[in-house]
Every structure is written in structure tokens, then in C-alpha cells.
Amino acid sequence: MIENIMIVSLALFMLAIALLLFRVIVGPTLPDRAIALDTIGVNLISTIAIISIVLTTKAFLEAILILGILAFIGTIAFSKFIERGVIVERKSND
Amino acid sequence: MIEWAAALLMLFGAVVSVISAIGMLRLPDVYTRSHAATKSATLSVLCCLMGAFIYFWSHDGYVSIRLILGIVFVFITAPVSGHLVTRAAYRSRVPLAEGSGKDELKPVLFGEETDEEVSKGNRIEEADLSQKDSDR
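Chains as they are written, first to last, in my numbering: chain A, 41 to 134; chain B, 4 to 139.
Source of the hints: derived by calculation from the structure; they are not laboratory data.
Fair warning: there could be bad hints in the mix.
[To be verified] Listed next, the in silico DSS-like pairs over lysine-lysine satisfying Cα-Cα at most 25 Å (straight line):
# : chain 1 : residue 1 : chain 2 : residue 2
1 : B       : K109      : A       : K98
2 : A       : K120      : B       : K109
3 : B       : K42       : B       : K105
4 : A       : K131      : A       : K120
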């Protein structure tokens, strides 16, 4: 029964990711797409938590940390690109 | 019994996530969409990871430091990234939705400009940038 609850919540997360993917494709401006991608990453974190319970393993728990860090850094890079037009600013000392 | 509480917590997180995705689809504007995305997605992830933590704790007797780290990290970084994207959107002049209230930040950031002056200001900024490039 608990497994059924887990699978239902997995299906709900997949539905949420599909709706957000619609926003990524359609989204009228670039910040819309950045926000939708960030939310997809955050949903993937909780999807991996549920999958590690369904498969009764603890090996996926590192992936949670790595996905969180990657989603955060990706969103920071996107917002800096939107605001400044560059991601890495180089100072030239010539 | 505690496992049931964990499973219901995860189901609640999934439902909140679907609600936030519906908000992402239906709201009219980048700013309101970020409101829907960051707050409720953070709540859903916190509920889901807390459910996983409680499940592993009660079922296996395993206290996962990595899950606690993930909870703390998401709780800190999700509002920060939402704020940064919204700030970048406002500074790159993404328009507000129809029927928004008064925009008090606009005269502070951009001055009382018409559209022509805006394009002129952009040209001036480009000239400044090329000046800086030649200085380098």
C-alpha cells in the first residue's frame, strides 16, 4: 500500500515536470524558461528521493545533493547571463 | 505507522508540486510565475525529502546526513535563485502583466523615460561599453 502511494506521487511529479516542460518550450521570455528549468531541477530532487525508497536503496542519496547544487548554479548563471549578457567577466590587466 | 506518516508527507509534496506547475502555466507574468514556482516548489521538496528522511529513519534505522544536507541546501538556495532571476528579468525590462498595480521601482531604476529615450539610453550605454573596450 505504501508502495502504491509512492508510485502515485511519482506520477504526480512526472505530471508537474511535463507541465513545466510546456512552460520551458512556450515561455515568452528567457526568465520564464530559467524559472521553469530551476523548478524542474527541484522536482527531480524529490523524484530521486521517492525512487530511492521504491527501489529500497540508499545509493541515490548523493544524487540529491549534486542535483541541488547543479540546479542552483545553473539558475545563477542564467540570471547573470540575462542581466549582463556574459557569464564570466574577465578583468584584463593589460 | 510512522512510515504511513512519511508516505502521506510525500504525497502532500507531490500534490503541492502539481499545484505549483499549474500556477506556472496559468499566471500571466514572469514575476507572478516566479511567485508560484519558487515558494510552493520549495515547500513540496521540503515535504518530500522530510518524508524520505522519516521513512529511512523508521524503516531501516538509518539517519541520513545527506538528506538533511539536501533539505538545508534547497531551503537556503531556492528563494535566492528565484530572487535573482526576478531581478534579472526586471533589469532586462521584461514588462509587467496587464492590470498590475503601480510600478514604483521604474522611476528609481530607469528614470522618467519615454521609449525613444530608452533606446537612446541604450545607445549611450553601448558607446560607453565600446569606450571601455578601447580603454582596455
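So, going through the hints one by one against the coordinates:
This hinted pair does not check out: K109 (chain B) and K98 (chain A) have alpha carbons roughly 50 Å apart, beyond 25 Å. The hinted pair formed by K120 (chain A) and K109 (chain B) meets the criterion: a straight-line CA distance of about 20 Å does not exceed 25 Å. A hinted pair counts as satisfied when its Cα atoms are at most 25 Å apart, and K42 (chain B) with K105 (chain B) qualifies at roughly 23 Å. At roughly 17 Å between alpha-carbon atoms, K131 (chain A) and K120 (chain A) fall within 25 Å of each other, so this suggested pair holds.
Of the numbered hints listed earlier, the single one contradicted by the structure is hint 1.
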